[in-house]
Structures are given as structure tokens and as C-alpha cells.
Amino acid sequence: MIYVMGSRRWSRYLPSHVESNTAHGRERLISVLAVMPGYLAAIVATAAFALSAPALADEPPAAVDGVRWKAGGFGTLGAAWHDEDDTQFRRSVDQRRGTRANELDLGVDSTLGVQVHGALAPRWSVTAQAVMNQGRHGDWGPHLVWGFVKHVHSDEFELRAGRLVTDIYLDGDSRHVGYAYTAVRPYADVYGRLTYDNFDGLDATVQHALGNGLLRFKLFGGRTRGSVFLNQEEHPVKIGRTFGATLDWIGPELSLKLSWGNMVSTRSDAYAALPPTLRYLASLAPGTDFAGQAEARASEITGSNRIAYLGAAVGWERGPFSLQLMATDMSMTVYPRFEGWGAGGAAAYRVGRWKPYLTWSRSILDAVDRALDVPPALDPHGQLRSLWQWVLGYTRHDQTTFGMGVRYDFADNMALKLQADRIDAKRSSSMLDDHGYVTGPRTLTVVTATLDFVF
Amino acid sequence: MRVPTFFAVLFALFLPARAVAAAELVLIVNRDSGISSLSREQVSHLFLGRVKMLPSGARANVVEVEPLRAGFYRRLLGREIAEINAYWARLQFSGRTQPPSRVSDSASAIARVAEDLQAIAFVDTVPDDARARVVLRLGP
Chain A
1 MIYVMGSRRW
11 SRYLPSHVES
21 NTAHGRERLI
31 SVLAVMPGYL
41 AAIVATAAFA
51 LSAPALADEP
61 PAAVDGVRWK
71 AGGFGTLGAA
81 WHDEDDTQFR
91 RSVDQRRGTR
101 ANELDLGVDS
111 TLGVQVHGAL
121 APRWSVTAQA
131 VMNQGRHGDW
141 GPHLVWGFVK
151 HVHSDEFELR
161 AGRLVTDIYL
171 DGDSRHVGYA
181 YTAVRPYADV
191 YGRLTYDNFD
201 GLDATVQHAL
211 GNGLLRFKLF
221 GGRTRGSVFL
231 NQEEHPVKIG
241 RTFGATLDWI
251 GPELSLKLSW
261 GNMVSTRSDA
271 YAALPPTLRY
281 LASLAPGTDF
291 AGQAEARASE
301 ITGSNRIAYL
311 GAAVGWERGP
321 FSLQLMATDM
331 SMTVYPRFEG
341 WGAGGAAAYR
351 VGRWKPYLTW
361 SRSILDAVDR
371 ALDVPPALDP
381 HGQLRSLWQW
391 VLGYTRHDQT
401 TFGMGVRYDF
411 ADNMALKLQA
421 DRIDAKRSSS
431 MLDDHGYVTG
441 PRTLTVVTAT
451 LDFVF
Chain B
1001 MRVPTFFAVL
1011 FALFLPARAV
1021 AAAELVLIVN
1031 RDSGISSLSR
1041 EQVSHLFLGR
1051 VKMLPSGARA
1061 NVVEVEPLRA
1071 GFYRRLLGRE
1081 IAEINAYWAR
1091 LQFSGRTQPP
1101 SRVSDSASAI
1111 ARVAEDLQAI
1121 AFVDTVPDDA
1131 RARVVLRLGP
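As you go down the protein sequences, you meet chains A and B in turn. Per my numbering, the first sequence starts with residue 1, numbered consecutively. Per my numbering, the second sequence starts with residue 1001, numbered consecutively.
Because the hints were derived from the structure by calculation, they are not lab data. Be a bit skeptical, because a hint or two may be false.
Okay, the calculated bits of chain A under chain B, using three or more residues with CB under 8 Å as the criterion [to be verified]:
{"no.": "1", "stretch": "346-356"}
{"no.": "2", "stretch": "411-424"}
Computed far set for chain B versus chain A, every beta-carbon distance over 10 Å [to be verified]:
{"no.": "3", "residue": "ARG1031"}
{"no.": "4", "residue": "GLY1034"}
{"no.": "5", "residue": "SER1036"}
{"no.": "6", "residue": "LEU1038"}
{"no.": "7", "residue": "SER1056"}
{"no.": "8", "residue": "ILE1081"}
{"no.": "9", "residue": "ALA1082"}
{"no.": "10", "residue": "SER1094"}
{"no.": "11", "residue": "ALA1107"}
{"no.": "12", "residue": "ALA1114"}
{"no.": "13", "residue": "LEU1117"}
{"no.": "14", "residue": "VAL1126"}
{"no.": "15", "residue": "ALA1130"}
{"no.": "16", "residue": "PRO1140"}
Heads up, simulated DSS-like pairs for lysine-lysine below, C-alpha to C-alpha not over 30 Å straight-line [said to hold, decoys possible]:
{"no.": "17", "chain 1": "A", "residue 1": "LYS426", "chain 2": "B", "residue 2": "LYS1052"}
{"no.": "18", "chain 1": "A", "residue 1": "LYS257", "chain 2": "A", "residue 2": "LYS218"}
{"no.": "19", "chain 1": "A", "residue 1": "LYS257", "chain 2": "B", "residue 2": "LYS1052"}
{"no.": "20", "chain 1": "A", "residue 1": "LYS218", "chain 2": "A", "residue 2": "LYS238"}
{"no.": "21", "chain 1": "A", "residue 1": "LYS218", "chain 2": "B", "residue 2": "LYS1052"}
Yeah, the Cβ is synthetic: ideal placement off N, Cα and C, and Gly gets one too.
Work out the full structure: start from the sequences and follow the hints.
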């Protein structure tokens, strides 16, 4: 069990078998942890626990009333740094704040997850996973990422119901498990923008042998969960549906994936005031081109937003070599409608415990042009024109990242990573300025070190 | 730390991580499981959690021997154990499946297989126990 506390009191709950060579070393560890923020202290303590007692993961699950329970978890202690003034680097758009210039940020990549799995019967199980990381509220409150009942009818068919995650990631169905990824984080340019990735619903998987591999088809759907934080505003999904499908073929060396999905928000008040405002202004200039444009724009604005994607990915592993490539087409119907694409690639080479790697990613999201030529007489201070440009550019995005790093697996369940990312953003809705608004052009280098572990 | 010791430690960091290497590893199942042989492909799918059932239709109880894991996956898949551990983290913490159970030595694995019709394990010696049957051999 993980305890999150912010004072010296929590030290009494340290597992007694946390190793230290001497009593003095243990006292030093406790004194250091006691002055750290509570969430970091919890991650560090859990990492120390994972390093000292990895064999606990191998113990047979505990049986209670015939149900075999198993607990485990994962974590990342991350430190990120850059020196680009007036810029906050975020790994995902559901983070309220990011790494500021010349500050060693321990929050943007740090995570702690705890999972409980219960084998109810040979074909029935339950799983619950809570993750604690820096989210849209700026705090570290745990949130439920997985919580489902699973039925395995056979190798050909299984069904899950509950809190699930959209199957869009190559390295597992989660963007939180740092240990599962070669690099520090999944491509921030692409996956960092798809944060409506939780849903409460069902997924069904059908699998069959094909050639020397397995063909797997999954259908999923349910109520959308998730949020984004843009321009100092949180945008949680109020009423939304997620549905989609994936098709995978997994062979000895090659794996292929096609994914298609929609996340629909059926109620959004973001632009509720705009249509009546535009119609009022149109009434002040009847018969003009502006009046026609304003009426057309007013009728286009709806309260729904559909985010759609269609993607393909390939992974190849042979001996020490590994290569991943992915690309996805994206669209968002939130006014004025945005269309774009994202792509990423990673190449790595394993040498014993070491694994150097290179990464590249790019994503573009452009607004469909919606003309609104406001006469100066109706907008003497240019406020409406500024507002309209803001609406058109609300989540425009054009960002490229080149990364290089190395992973060092110094223990069976722990890895250190050091990575440098060169980010070139013509415009970014992922990075924020120091006032919390999306940025204009930026070029910066982010250096990150992480300790990833599982237990 | 003395300088010679420092360089010895630094050199050791670059050495590949290798467990004790066995001459041959064999895959064993219970004699009464209804399985006479398995292909490398079938074994790969079982030990990577892609299939959960034995060819007989029974749910597989997959068992790993801790000190032999690195050599087993290197022989079977040509991959280092760090890659396998990351792979299992991917599956385990995305709710797909749970990793195999582990035992500390081949004798424990043989005993497990001898008593469980649904167990499958890899060991470094052909078992003397007649209740266990070899279904695949993986050379060095």
C-alpha cells in the first residue's frame, strides 16, 4: 500500500526491509524523503521498495475465499529541464502546467501507479489501476485509469467491461507506464494531444492464428473520460461517447496495427455566446457581405465536438534491433473544424543492459478557414477580429521533435533513461507560455532523466 | 572507492547481463496433458501471453524458472531479458494479461508440472520424473 504524506510522520510507514547498508544510510534516506513534496517522496520510497524486494512480484498471489489477488504497480521519477524563456513544456495537454525555463521539473514526467488484479475463476478476473501524476488540476490526486471485469471465453474471444483505455498506443494500452517504453515518454507531439483516452464501456477482442502470427480484432465503445487544459481553462468531457476498432497482426518479429476511433462530446458551452453575438452584429449591417458571413458562421457553430483518428503502425524487432513507425490522420469538429496528421518513429539497438535510441515525431493540426470580414465601424477597437483569430487558432498545432537517448536496465525491474529532445514548434497547443496560454513559435531542447520501475 | 575498483565497476556496467547459461533447455508438460510436442511458435505465444490455452483446450499455467529466464528468451526469441521484462510490463499494466508465475529452480518447476495437468515450464535438465514429458528442446 502506498501512503502519500508530506511530513516526517510518513517515515514510520516505510517498509522495514528497505535496504541500506548501514543504519546511518537508512536515516539519511528518511531525512531526505521527509523534506520532499509528498508525491515525490511516495515515488522515491516505492522505487526503493521495488529495488530491494523485486522477488515479491514472483510470490504466488494471495488467495482469499478462493479469489487469487495480486497487487503491483509502476512508477517514474522524472526530472526535466530546458532554458527557453516564457515556455512551459508539457508531455500531454491534460497537464495544467509544464517545465519552466531553467527549473529542474520533477513533476511533468513523474508518475506512480498501483494495480490490483483478482482471478475470480479460471475465466473471470477483475483489475483496478489508479495512477497519480500531475494532471489538469495541478495536483497529484489519484485517478482511476483501469477498472474492469474480464471474461476470457477462449483464446479466440474475450470481453472486458468497466473503465478502459482507448487502444492507440504501440507499447501497450497506456501512456503512463514508463518502464514499458524505450524512450522517456510516448511521442508527445502525437499522443500528448490525445488525452480523451479513457472511457467507461466495453471492449471485445477476437483473435485467430494467421500465418506464423496472430490476427486480433477489437471493438470498443463507451462513455468518454478525460480532459484537456488549454489557455488557462480545463475542458473535461461533459457528455461524450468513444467508439472504435483496432486490427493487429502480431508475428515473431513484425507487428502491424490499424486503429480507428471517434471521441464525441455532445455538449460544449465553449462558444455558446458566439452565435447570438454574430447574429446581432449582422443585424446592424443588413445586406452587407459581413452580414452574410456572420449568419453563416453563426449557423456553423454547434455544441458538439468529434475527434476522429485513423492510424497505422508497424513494429519490427530482430535480435538487438527494434524499429517503430506510426502515422495517424486526425480531425476535430470543434469550431472552426481542425484537420491534420501525426507521425512518429523510433529506432533502438540493445547492447546488454544498454539501449541507445533515436526518436522523431511530428504533428500538424490546422483550422479550416472561416472568413469573417468585420467592418471597422462595428469593431472600432478590433476586439471581434482578435477574438475571431483566437477562435480560429485555438488549438492549431505544428510541432516536430527529434530525440536521442539511452536506456540502462540496471535491475530486472528498473531502468534509467537519459534523453534530449529538440523541439521545433511553429505553433504549439502542447507548450504553454508563462501565463498559461498556448505558445507561438518556439525552438527548445528539453533534457530529461527518468528512473522507471515496476513492482 | 579506490581507483582500480572504480574502473572495475565502470567496466562491469557495460558487460551484457547474462544469467547462468545452460547447455540445453527443454519445455516440459504433464505426461497426461494430451500434448506430445509443441512448436517454437506455440511456445512463444504461450510464454508471451498471446494465447492462454494449451492445444488441448485447457487453460495453461505457464511457469518460468527465475535463473533460466534470460537464457530461455534468448534461445526462443533472440531477445534480451530486459526487453521481455518491458514487454510484460506493457501487458500487465494495460490489463491484457498477467505474467507467468516463477519458481526458483528447475526441480520446483518439474514438481509443479508433475502435479498440474495444465502446467508448462522450461528447465535445464530432462526430468527423471516420468510424470513430465519433454515437448520442445532449445539448444544453446
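Do the hints match the structure? See the list:
1. 346-356: holds (count 6)
2. 411-424: holds (count 3)
3. ARG1031: At about 22 Å from chain A, ARG1031(B) clears the 10 Å cut-off, so the statement holds.
4. GLY1034: holds, 16 Å
5. SER1036: At about 19 Å from chain A, SER1036(B) clears the 10 Å cut-off, so the statement holds.
6. LEU1038: holds, 14 Å
7. SER1056: holds, 12 Å
8. ILE1081: Not fine: 7 Å to the nearest Cβ puts ILE1081(B) too close to chain A.
9. ALA1082: violated, 4 Å
10. SER1094: violated, 4 Å
11. ALA1107: holds, 16 Å
12. ALA1114: holds, 17 Å
13. LEU1117: holds, 13 Å
14. VAL1126: Given a closest Cβ separation of 25 Å, the condition holds.
15. ALA1130: holds, 26 Å
16. PRO1140: holds, 16 Å
17. LYS426(A) with LYS1052(B): Violated: LYS426(A) and LYS1052(B) sit about 48 Å apart, past 30 Å.
18. LYS257(A) with LYS218(A): This hinted pair holds, its Cα atoms lying about 11 Å apart.
19. LYS257(A) with LYS1052(B): holds, 21 Å
20. LYS218(A) with LYS238(A): Given that 30 Å is the threshold and the Cα spacing comes to 26 Å, the pair holds.
21. LYS218(A) with LYS1052(B): holds, 17 Å
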